[in-house]
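*Asks:* For reference, the chains in residue letters:
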Amino acid sequence: MKLTATEIEIAEILEKDARLTNEDVAKMMDLSLEQTKEIIKKLEDQKVIVRYVTLVDWNKIDGHQGVTAMIDVKVTPKRDVGFQDVAQRIYRHSEVKSVYLMSGTYDLSVVVEGNSVNEVAHFVTQKLSTIDGVISTTTHFVLKKYKHDGTIYDADHSDKRIVVSP
Amino acid sequence: MAVKTNYLAKHVRALKPSGIRKFFDATAGMTGVISLGVGEPDFVTPWNVREAAILSLENGHTSYTANAGLPVLREEIAAYIENYFCVAYHPESEVIVTVGASEAIDLAMRAILDPGDEVLVVEPCFVSYAPLVTLAGGKPVIVQTSRENQFKVTAEELEAAITDRTRAIMICSPNNPTGSMLSKEEMERVASVAIKHDLVVISDEIYAELVYDELYTSFAALEGMRERTILISGFSKDLAMTGWRLGFVCAPKEIISGMLKIHQYAIMCASTMAQYAALEGLKTGRKDVNEMRRSYRERRNFIVRSLNEIGLTCPKPEGAFYTFPCIESTGMSSEEFATGLLQAEKVVVVPGTAFGEGGEGFVRCSYATSMAQLQEAMNRMKHYVATL
Chain A
1 MKLTATEIEI AEILEKDARL TNEDVAKMMD LSLEQTKEII KKLEDQKVIV
51 RYVTLVDWNK IDGHQGVTAM IDVKVTPKRD VGFQDVAQRI YRHSEVKSVY
101 LMSGTYDLSV VVEGNSVNEV AHFVTQKLST IDGVISTTTH FVLKKYKHDG
151 TIYDADHSDK RIVVSP
Chain B
1 MAVKTNYLAK HVRALKPSGI RKFFDATAGM TGVISLGVGE PDFVTPWNVR
51 EAAILSLENG HTSYTANAGL PVLREEIAAY IENYFCVAYH PESEVIVTVG
101 ASEAIDLAMR AILDPGDEVL VVEPCFVSYA PLVTLAGGKP VIVQTSRENQ
151 FKVTAEELEA AITDRTRAIM ICSPNNPTGS MLSKEEMERV ASVAIKHDLV
201 VISDEIYAEL VYDELYTSFA ALEGMRERTI LISGFSKDLA MTGWRLGFVC
251 APKEIISGML KIHQYAIMCA STMAQYAALE GLKTGRKDVN EMRRSYRERR
301 NFIVRSLNEI GLTCPKPEGA FYTFPCIEST GMSSEEFATG LLQAEKVVVV
351 PGTAFGEGGE GFVRCSYATS MAQLQEAMNR MKHYVATL
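If you read the sequences in order, they're chains A and B. Just so we're aligned, residue 1 is where the first sequence starts under the working numbering, counting upward by one. Just so we're aligned, residue 1 is where the second sequence starts under the working numbering, counting upward by one.
There's no promise every hint is true.
Heads up, incomplete: computed chain A residues facing chain B, CB under 7 Å, no partners named [to be verified]:
1. LYS27
2. MET28
3. ASP30
4. SER165
5. PRO166
Some residues of chain A that are not near chain B, with every Cβ distance over 12 Å (derived) [unchecked claim]:
6. LYS37
7. TYR106
8. SER116
Just so you know, the hints here were simulated from the structure itself, not pulled from any lab data. By construction, the Cβ of each residue, glycine as well, lies at the ideal position given by its N, Cα and C atoms.
Required output: the full structure, derived from the provided sequences and hints.
*Replies:* Here it is in structure tokens:
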């Protein structure tokens, strides 16, 4: 799929801040409101824009900190479908937040979220490792998130400039 | 023994303080202020550039550099100017690294002016040009540009101000405060005036990288202009390095040798760690500059449409990060508008008159501030204008 520079820029603008109104995006791109709506609709229809998300720092909320684990999974690929079939069996679980096929010493990188270490451990031992084709799992628990998807948690955004300058 | 009543020199006493100071003082103690009055990027210097400065300190680069600046930095500057603006300068004899573009402007005036020599200062413009001419013993001759022409100077306006004492034209394009940029044709007309009257053009090209719709042309790149152009630029605006105070000047050897004499006595050399930082910026900072440029362009588009919707007419400026909307529809003077806006809505804009009398009827709004702040500022300005 080929997109124009304008379409790409709109996708990038919304990727940074999905709450911008169509009017604001139109102004930023110097397009009419109609043109802008049309482009955004096209991006949505073509699933270029898949979903609008909000980054929440749950760590700030007592009782909602949760547990994130990144699990390296080794898999036996299957004839004709390769890794696709196993990946599918893994990502259908709602605990699984992402699944990536990796280069290197293991095959799938799986991100799992749960309410407690026990809950994640239960998922890994009972669900993940028992999937046909999964050879081994190595589970790494996330201790602290400093930066996520390009955003630094608790970054200092205060304006340090003098209020008026020539 | 009794002290003299005033130790200050007469010409310093006569110097007017910058009109911007007043607005700075007025905001003291206020909270919730949104400032569109800032003449510098809202970005922090890119990390790789900051890290280069840290590394230079770790490596103990804490001594002076050559007067004209680190040789390797001058080479990089010359290569950059040649690549991007198609003018070749010899790094050893035609480039000086200065303490901001501001120092370069001062050096230029002091190097070329004899007492009483005149410099055409195209207004509205940055606040320092005319005072620096005065401090160098020269006489600033203000050339007012017209709003109909988006404050772009014409050959006729320049011709009308030329006398037999005129030595130079001081010009800045893209311009602070208007954001407007001369097209190549418009520049050629200015150049022909300079050539006809054998004048130097002191070209403040600090916003050369912040141009949004068309290609930038340097004055020095025009035919017959390299030998009479003092090209001044720096790292403050494109690499968001204002606080580092680092600029540079490129000019023919004779002019540079004169400027270098003043620079070596007055300054010695620009800050060493800042020079190492700038070197990294030139080598690896293009991606950052491109990203910042795009962000400014989006914000420019946003603020121009918003101001026009509010009823403050404003053409789309080609460069820098300023808009210069007309506020005459409100029936107020620039200063009344800016003061009222600050008191009523806590939004800072700078009255056009801070940049010369010709700025009356206009205010400078900088869009080097976050989109969220800009949105809020536009809402407040809309409310202010609606309640007048």
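*Asks:* For each hint, tell me whether it holds in the structure or not.
*Replies:* Here is how each hint holds up against the structure:
1. LYS27: holds, 4 Å
2. MET28: Result: holds, 4 Å to nearest chain B Cβ.
3. ASP30: Given a least distance of 4 Å, the restraint on ASP30/A holds.
4. SER165: Hint on SER165/A: holds, closest Cβ of chain B at ~4 Å, below 7 Å.
5. PRO166: Since the shortest Cβ distance to chain B is 4 Å, the answer is holds.
6. LYS37: The claim holds: LYS37/A sits with its nearest Cβ about 16 Å from chain B, beyond 12 Å.
7. TYR106: Per Cβ check, TYR106/A is outside 12 Å of chain B; nearest 31 Å; holds.
8. SER116: holds, 37 Å
In this structure, none of the earlier numbered hints is contradicted; all agree with it.
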